[in-house]
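Engineer: Chain by chain, the residues run as shown.
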Amino acid sequence: SQQGEEDPQALSIQEGENATMNCSYKTSINNLQWYRQNSGRGLVHLILIRSNEREKHSGRLRVTLDTSKKSSSLLITASRAADTASYFCATRMNTGFQKLVFGTGTRLLVSP
Amino acid sequence: DGGITQSPKYLFRKEGQNVTLSCEQNLNHDAMYWYRQDPGQGLRLIYYSQIVNDFQKGDIAEGYSVSREKKESFPLTVTSAQKNPTAFYLCASSIQGAGEAFFGQGTRLTVV
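Protein sequence lines correspond, in order, to chains U and X. Numbering follows our numbering, in which position 21 of the first sequence is assigned residue number 21; successive positions increment by one, without gaps. For our numbering, count along the second sequence from 1 and bump the result up by 112.
Isolated chain U, as found in the complex:
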């Protein structure tokens, strides 16, 4: 079963605009991660936020985590055409082996 549901499923914006993607999950987590996938390729890790953190930044990326609502958001500022990809959230559970469980993904299209 997939742990996360992402919203929106698809997002289309212009270069220079900000893109916000949301992820909801179901169970207690150790950390939440965001990954990027270019079409037909493997996934690349973007950022990790631990359950005791509320916000994290990396370059043009800003991630927030609200454990009371079991949700996270990924903000990409000043988007570029090269940001066009699918973005996935993934959670590591808080119990047992911390297998990595992925959400359904958001397809982002950034037009020049």
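Be aware that one or more of the hints could be misleading.
[To be verified] Pair by pair, the computed Cβ-Cβ distance ranges are:
#1 U:81 x X:164: 41 to 49 Å
#2 X:122 x U:50: 37 to 45 Å
#3 X:182 x U:17: 44 to 52 Å
#4 U:112 x X:179: 42 to 50 Å
#5 U:77 x X:127: 29 to 37 Å
#6 X:130 x U:57: 44 to 52 Å
#7 X:181 x U:109: 38 to 46 Å
#8 U:77 x X:121: 13 to 21 Å
#9 U:54 x X:169: 33 to 41 Å
#10 X:181 x U:97: 16 to 24 Å
Calculated directly from the structure, the hints in this document are not laboratory data. Don't be surprised by glycine CBs; every beta carbon is placed ideally from N, CA and C.
Guided by the hints, dock chain X onto chain U, whose structure is given.
Structural biologist: Showing chain X alone in chain U's frame:
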């Protein structure tokens, strides 16, 4: 170069045939994973391994088998019992129970 390598990139299988997908990593990671991705979908966990000579079923293990005889290698066999094997298969590895996962570039399997 450290990384995770999947081969082949494309694989064609006839009905009733078993095929094996290769996954090799030189990152010295204990944990390895196999995911299946269908078009426009998220990743679903097939099998994972925490350590050599140990592996566990994920959410969709039926019709698949794995082995973990070496730390570096985690091959996936798609058996004839898997009725709908056409998909994109992704292998990943991570430090045991923590942190980010590193992905291979994937194998696209098609039944002909």
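Engineer: All hints, please: hold or fail.
Structural biologist: Here is what the structure says about each hint:
One distance hint, 41 to 49 Å for the beta-carbon pair residue 81 of chain U and residue 164 of chain X, holds here, with the actual separation near 44 Å. Residue 122 of chain X and residue 50 of chain U have their C-beta atoms about 38 Å apart, which keeps the hinted 37 to 45 Å range intact. Separated by about 48 Å at the C-beta atoms, residue 182 of chain X and residue 17 of chain U satisfy the suggested range of 44 to 52 Å. In this structure the supplied range 42 to 50 Å holds for residue 112 of chain U paired with residue 179 of chain X, their Cβ-Cβ distance being about 47 Å.
Separation of residue 77 of chain U from residue 127 of chain X is about 49 Å and departs from the stated range, judged on CB atoms against 29 to 37 Å. Between residue 130 of chain X and residue 57 of chain U the beta carbons are some 47 Å apart, a value that agrees with the proposed interval 44 to 52 Å. Evaluation of the 38 to 46 Å hint for residue 181 of chain X and residue 109 of chain U yields a pass: the beta carbon distance comes to about 43 Å. Take residue 77 of chain U and residue 121 of chain X: their Cβ atoms lie about 34 Å apart, and the range 13 to 21 Å is violated.
Hint check: residue 54 of chain U to residue 169 of chain X, Cβ distance near 35 Å, so the stated range 33 to 41 Å holds. Range check, residue 181 of chain X to residue 97 of chain U: Cβ separation about 20 Å, and the 16 to 24 Å hint holds.
Consistency note: the structure conflicts with the earlier hints numbered 5, 8.
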